[in-house]
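What follows is each chain in one-letter form.
There are 10 protein chains.
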Amino acid sequence: MTLSPLACTLLAAKRRVGLSFAELGSRLGVDEVWVASLIHGQATASAAEATTLLEALAIPAAEQPALLEQLSTYPVKGALDPVIPTDPLLYRFYEILQVYGLPLKDVIQEKFGDGIMSAIDFTLTVDRQEDPKGDRVVVTMNGKFLPYRKW
Amino acid sequence: MTLSPLACTLLAAKRRVGLSFAELGSRLGVDEVWVASLIHGQATASAAEATTLLEALAIPAAEQPALLEQLSTYPVKGALDPVIPTDPLLYRFYEILQVYGLPLKDVIQEKFGDGIMSAIDFTLTVDRQEDPKGDRVVVTMNGKFLPYRKW
Amino acid sequence: MTLSPLACTLLAAKRRVGLSFAELGSRLGVDEVWVASLIHGQATASAAEATTLLEALAIPAAEQPALLEQLSTYPVKGALDPVIPTDPLLYRFYEILQVYGLPLKDVIQEKFGDGIMSAIDFTLTVDRQEDPKGDRVVVTMNGKFLPYRKW
Amino acid sequence: MTLSPLACTLLAAKRRVGLSFAELGSRLGVDEVWVASLIHGQATASAAEATTLLEALAIPAAEQPALLEQLSTYPVKGALDPVIPTDPLLYRFYEILQVYGLPLKDVIQEKFGDGIMSAIDFTLTVDRQEDPKGDRVVVTMNGKFLPYRKW
Amino acid sequence: MTLSPLACTLLAAKRRVGLSFAELGSRLGVDEVWVASLIHGQATASAAEATTLLEALAIPAAEQPALLEQLSTYPVKGALDPVIPTDPLLYRFYEILQVYGLPLKDVIQEKFGDGIMSAIDFTLTVDRQEDPKGDRVVVTMNGKFLPYRKW
Amino acid sequence: MTLSPLACTLLAAKRRVGLSFAELGSRLGVDEVWVASLIHGQATASAAEATTLLEALAIPAAEQPALLEQLSTYPVKGALDPVIPTDPLLYRFYEILQVYGLPLKDVIQEKFGDGIMSAIDFTLTVDRQEDPKGDRVVVTMNGKFLPYRKW
Amino acid sequence: MTLSPLACTLLAAKRRVGLSFAELGSRLGVDEVWVASLIHGQATASAAEATTLLEALAIPAAEQPALLEQLSTYPVKGALDPVIPTDPLLYRFYEILQVYGLPLKDVIQEKFGDGIMSAIDFTLTVDRQEDPKGDRVVVTMNGKFLPYRKW
Amino acid sequence: MTLSPLACTLLAAKRRVGLSFAELGSRLGVDEVWVASLIHGQATASAAEATTLLEALAIPAAEQPALLEQLSTYPVKGALDPVIPTDPLLYRFYEILQVYGLPLKDVIQEKFGDGIMSAIDFTLTVDRQEDPKGDRVVVTMNGKFLPYRKW
Amino acid sequence: MTLSPLACTLLAAKRRVGLSFAELGSRLGVDEVWVASLIHGQATASAAEATTLLEALAIPAAEQPALLEQLSTYPVKGALDPVIPTDPLLYRFYEILQVYGLPLKDVIQEKFGDGIMSAIDFTLTVDRQEDPKGDRVVVTMNGKFLPYRKW
Amino acid sequence: MTLSPLACTLLAAKRRVGLSFAELGSRLGVDEVWVASLIHGQATASAAEATTLLEALAIPAAEQPALLEQLSTYPVKGALDPVIPTDPLLYRFYEILQVYGLPLKDVIQEKFGDGIMSAIDFTLTVDRQEDPKGDRVVVTMNGKFLPYRKW
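Residue numbers (this note's numbering), protein chains in the order written: chain A, 1 to 151; chain B, 1 to 151; chain C, 1 to 151; chain D, 1 to 151; chain E, 1 to 151; chain F, 1 to 151; chain G, 1 to 151; chain H, 1 to 151; chain I, 1 to 151; chain J, 1 to 151.
In case anyone wonders, no lab produced these hints; they're calculated from the structure. Misleading hints may appear alongside valid ones.
Claimed, not checked - With a cut-off of at most 20 angstroms between alpha-carbon atoms, the simulated EDC-like pairs for lysine to aspartate or glutamate come out as follows: (1) C:K150 / A:D81; (2) C:K111 / D:E110; (3) C:K150 / A:D127; (4) F:K133 / C:E69; (5) A:K150 / C:E69; (6) F:K111 / G:E69; (7) F:K111 / E:D127; (8) G:K111 / H:D114; (9) I:K111 / J:E55; (10) G:K150 / G:D127; (11) B:K150 / I:E49; (12) G:K133 / J:D31; (13) D:K150 / D:E110; (14) F:K150 / F:E110; (15) F:K111 / E:D31; (16) E:K150 / D:E69; (17) E:K133 / G:D121; (18) C:K111 / D:D31; (19) A:K111 / B:D127; (20) E:K150 / E:E110; (21) B:K111 / A:D131; (22) B:K133 / A:E69.
What the hints assert, rightly or not - Not everything, but these chain B residues come out facing chain J in the computed CB check (under 8 angstroms): (23) E23; (24) V30; (25) D31; (26) W34; (27) A43; (28) T44; (29) Q109; (30) F112; (31) D114; (32) G115; (33) K150.
What the hints assert, rightly or not - To list a few chain J residues with every Cβ distance to chain I over 12 angstroms, as calculated: (34) R16; (35) R27; (36) T51; (37) D131.
Even for Gly, the Cβ is constructed at its ideal location relative to N, Cα and C.
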């Protein structure tokens, strides 16, 4: 699996300046996951947000216009190749879908009726929960319920 | 996409008795998502849990032994065919992985180091968040962080 | 490619009673495409709608309860196997996506911003447009625009 | 998913000159979707149309001949990789085919007989329908019905 | 690779009565390839044609109604599983597409412009050409040219 | 879908000199489809044929040796990626195989016995048949019948 | 991987009667590999050969007609599912193609020119070669060379 | 399908010097097929063998070290892309596996017991057998039989 | 993912008699993993071993002959569908191949030269290693090294 | 199958300096397999470990910073393309999963309960076992057992 050129450039700059995603997010006024999705070419920034990000990453002025254009253009989304990810951290989320997908569907539909959880009107956050037996990752997905329309 | 015979039988019984997953879960002392994953053949019950479930679903006594054996045997897990699900509710979770997978990986690794979120020492819950613009689905995944071992 | 048992049963009954999808739709108070999607197991009817449909199709009383349960249960959706359809009529819609998908994306995004056309809050109609050089099929898709949320 | 070099070049030029697809379409005397499909290498322009487009996009004279040749050569069509698109906007059209494909086939065939809607003698338009609950995307496909020939 | 139940039934009957496809075709007033495509569930017969075929094949009266309904219903077409055929005779046609597909496209487009050969307004015949070095199969495809529409 | 570098170079030269495939074929003493298959890297030319072609296409002398070597080396054949072509003109030939493949197999075997039509001792021609309702493409495949050997 | 019903029936009968493929082959006057390919539904027998085989396998008279029809009908060939075989003995032949396929192609073409080894006018035999370090399997493929035709 | 850079370089040199695989093989003291597999990056040479080969191919001294390293490093083997080869000569060997694979397995196992023919302790040769009806390709595979171990 | 009928029958019997794989193995004089592979239809037993197993599992006499034949026939091996397993326990072994496959190859080749570890002359054992931080699974694979033959 | 640029660079340097993986591992204080997995971009080194490795491999100072960054960044893991490996040494491990995967699962679950062997808290070693009939490869996998959590 490989990263896009945009992500490679911005992640290398991020390592050089030593800022975390949370610090970048607070400069743009957005969540750390959203700023990471922008860096991976999966979201669209306003010109102001893109400039703030490029400045925070200390991108040389000469390289900024091309990157600014990429960050503010609506991207063709979807970043995994092969389509079933081989990276172990990413695969676990695919495994959750394989093992808990149908139960999740049944519980959501029982509580909300026939419809879906939006992946567009949607937020995603990551928290660290301390635990003496080993800290835990807490991923929270929050999406608007959209009921099927009958016509 | 089709359901397993086990799930078809138990979900039909559930519709007949009119109990929710939450009500079934409280009888077994487990979460509603876990009981749904048991019904879909993705988890293993103790004999006591399996019997409680079959009684709650009013399964005739003659059919209970075969179902009890299925519910208490370690299953071969994974329930989606085709492997990229076509059901719109399920697909949204695959889409989240395509669009937000790499950002999620970067944020988790920045917070925890090289490793994964366990999908085994793991819980999954679904909540309904009221919202005047349309209620929202909140899915919370909570998994132990497992750091890569160096040897 | 094959049809589901539900669709086979209901389509055979429909041929026997000689009603069109439009006539069935008017009895249920819904569009002809929606009633066809119900028959193919891709939508959920209320008990009243399901009963109206089964009566209109002259389904024997003994067979009605099982079909009524299927029609009013939230289905696992998605009906094409193989996933790229081989039926020529269906394939043309896949071809439109291959040839005109990216242009469509660009035009929608230029008019609406970054987001999608909902396939849930969505209607689909088919009209016949008379034309001396050969009548034309007019397919109209109407879906709510959903802008990406920034968080 | 990535764009072709032709599309990258022309879309970047389009952003620089700030013209919409509709404005480009009116200069060529064609619909906005068709001009977008030309830019994505899915249609063939006459030399006059190609020149008009390149002038409108302010392409430097030195770069015009190569682009003019590409725009006026019959392309090898089909632009999605992977073949089931991962971009959420594009995927929704694939999902419509999965969920409403068989119903659509049945309704078209009931109205027209055994045959297909042409994707060649075909037009595609996008309209914005204002709606207080959120504006709606209206996609209209209009294709000649082609009946199967018996021989 | 397997045949559909419809094809198995009709081909077994055909072997029993000992009629060739050409003889069946002449009874229905159609080509031998078309009658074979009907038997394989890839075309639709009128009630009269279906009855003529079933009589010619000496199908018992009790079995005729179900077969007549199948033969006169618009089929979901496409009969190869796996999608790249493993049968050597069928594979050769796929190989011709792999090896001569792009040359064929170029020659057709040079002679006709941008468009396609219709596979709907289309006929297909098979002839035997005697040759002292070994007889030859002559397959003739004849389809209407459909030019792309500009809009 | 993309073309090989060899095909791109030779097709661009062909457009510059303005010769048709038929004209190129007559210079080499071969059919227009065969010369197109040579240009797409699917056939092998003698040194004399390759030189005649390169001269006809006005390829500069400095570039001729490398191209001559490519044209006269036995190629690794097969040119479609993805393996089921997305180009609408090419796809129609795949669709013919899906819809008419098994009928074709049955008719060929009924006329010739168990065996195949050779795709090696094989010719392929394209003709234009004038028709007031729209001209027609006639594709003729002519291959030696090869019976299965019993041993 | 599973066997066809035809092969299951005939192989079970073969185990009951205790005859080897070589013994069956000598009764039919054919090679042991060919008789095995007939039993797996990959070749066509004459009525006399099929009867000899069924008698040798002691198939009850009542079951013979259906099996005789299957053995003497031209089969749809190709027997591996999934298409890349998982059985280790079969996989080794696929591995030979992966590792030695291109070398084999080059050597054959160097000796014979552009063309193929026929898999139709073809024989295949298996011999046991004694060797003190472990006996060896010798597989010999013998196919007519077919040169590409230029037209 | 494309060749590796190593194979392209060495095969071009081979054409320039005009040596056959058999002649190269005799200089290295190995079979012609083995030397072809070395050139395609599917086998490992000793430094002496690699040097002999590069000298025989008249590779300039400056280019020899890099090629020598490649030829004497254990390669990652397997050379076909796509995995089911589209080249007709190569495909025939895949077709032999589809059509004669299970018969071959049965005959080998009947003669040797449960196990496999090794593709490692293995040789492969190609011979030309003269035949007035057309010369024949004889491919001989010779591999050690390896019985399954029980433990 | 589903189990074969053979495995379902034998595993249900094993649960009824309450014997472990190790206990079954000691009755047959083989390892517990080998007896499990026999039950899953991936190995061949002698008639004596098969009878011992069926007796140990208390299979009724009437059902023994059919099972005995299955257990002592050389199976078509390979049991995973889909080919990349979705069961989390099984997937981890695939993941080990994705992440540690190339390192493993390099270390084996550095220690042994160009060749493979046999999966035929091969044993596999599972041990439990007690550990206060959580017991550990120890999987030991032991296969004969097979060097590539040069010829 | 190809290697990553990182692996190509480091493996070429390793050949030049002539150190084994075991020697490199002892310099870093880690196992030889782990150092090989680092070189293949499947593990993360500390800055000190990365520097030690680059020095041991005699990488020129100018090239060290870029490589050091790659070695100490959390990689996107998974290195096999195509996903079912074609290299014979690697394939054998996939074959072990196909043939012995379900038996392994059953034995592990019988000994440990429902859960998995971790591939994260995991070590992998390779040993050479001398054997007069041919030395043997011993691969030992050691992973923490993780029981499924019920909630």
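Against the structure, the hints:
1. C:K150 / A:D81: With Cα atoms ~25 angstroms apart, C:K150 and A:D81 exceed 20 angstroms; violated.
2. C:K111 / D:E110: violated (35 angstroms)
3. C:K150 / A:D127: holds (18 angstroms)
4. F:K133 / C:E69: violated (51 angstroms)
5. A:K150 / C:E69: holds (19 angstroms)
6. F:K111 / G:E69: holds (19 angstroms)
7. F:K111 / E:D127: holds (9 angstroms)
8. G:K111 / H:D114: With a Cα-Cα distance of about 37 angstroms, the restraint between G:K111 and H:D114 is violated, given a limit of 20 angstroms.
9. I:K111 / J:E55: violated (23 angstroms)
10. G:K150 / G:D127: violated (39 angstroms)
11. B:K150 / I:E49: Violated - the C-alpha atoms of I:E49 and B:K150 are around 43 angstroms apart, more than 20 angstroms.
12. G:K133 / J:D31: violated (36 angstroms)
13. D:K150 / D:E110: holds (18 angstroms)
14. F:K150 / F:E110: Given pair F:K150, F:E110 holds - Cα atoms ~18 angstroms apart, limit 20 angstroms.
15. F:K111 / E:D31: holds (14 angstroms)
16. E:K150 / D:E69: holds (19 angstroms)
17. E:K133 / G:D121: With a Cα-Cα distance of about 15 angstroms, the restraint between E:K133 and G:D121 holds, given a limit of 20 angstroms.
18. C:K111 / D:D31: OK: C:K111 and D:D31 at ~14 angstroms, within 20 angstroms.
19. A:K111 / B:D127: Roughly 9 angstroms between the alpha carbons, so the hint for A:K111 and B:D127 holds.
20. E:K150 / E:E110: This hinted pair holds, its Cα atoms lying about 18 angstroms apart.
21. B:K111 / A:D131: holds (15 angstroms)
22. B:K133 / A:E69: Violated. B:K133 to A:E69 sits at ~33 angstroms, over the 20 angstroms cutoff.
23. E23: violated (17 angstroms)
24. V30: holds (6 angstroms)
25. D31: holds (5 angstroms)
26. W34: holds (5 angstroms)
27. A43: With a closest approach of 7 angstroms, the B:A43 hint holds.
28. T44: holds (5 angstroms)
29. Q109: Where the cut-off is 8 angstroms and the nearest Cβ of chain J is about 5 angstroms from B:Q109, the hint holds.
30. F112: Violated, because the Cβ-Cβ distance from B:F112 to chain J comes to roughly 10 angstroms (cut-off 8 angstroms).
31. D114: holds (4 angstroms)
32. G115: holds (6 angstroms)
33. K150: Where the cut-off is 8 angstroms and the nearest Cβ of chain J is about 6 angstroms from B:K150, the hint holds.
34. R16: holds (15 angstroms)
35. R27: holds (16 angstroms)
36. T51: holds (20 angstroms)
37. D131: violated (7 angstroms)
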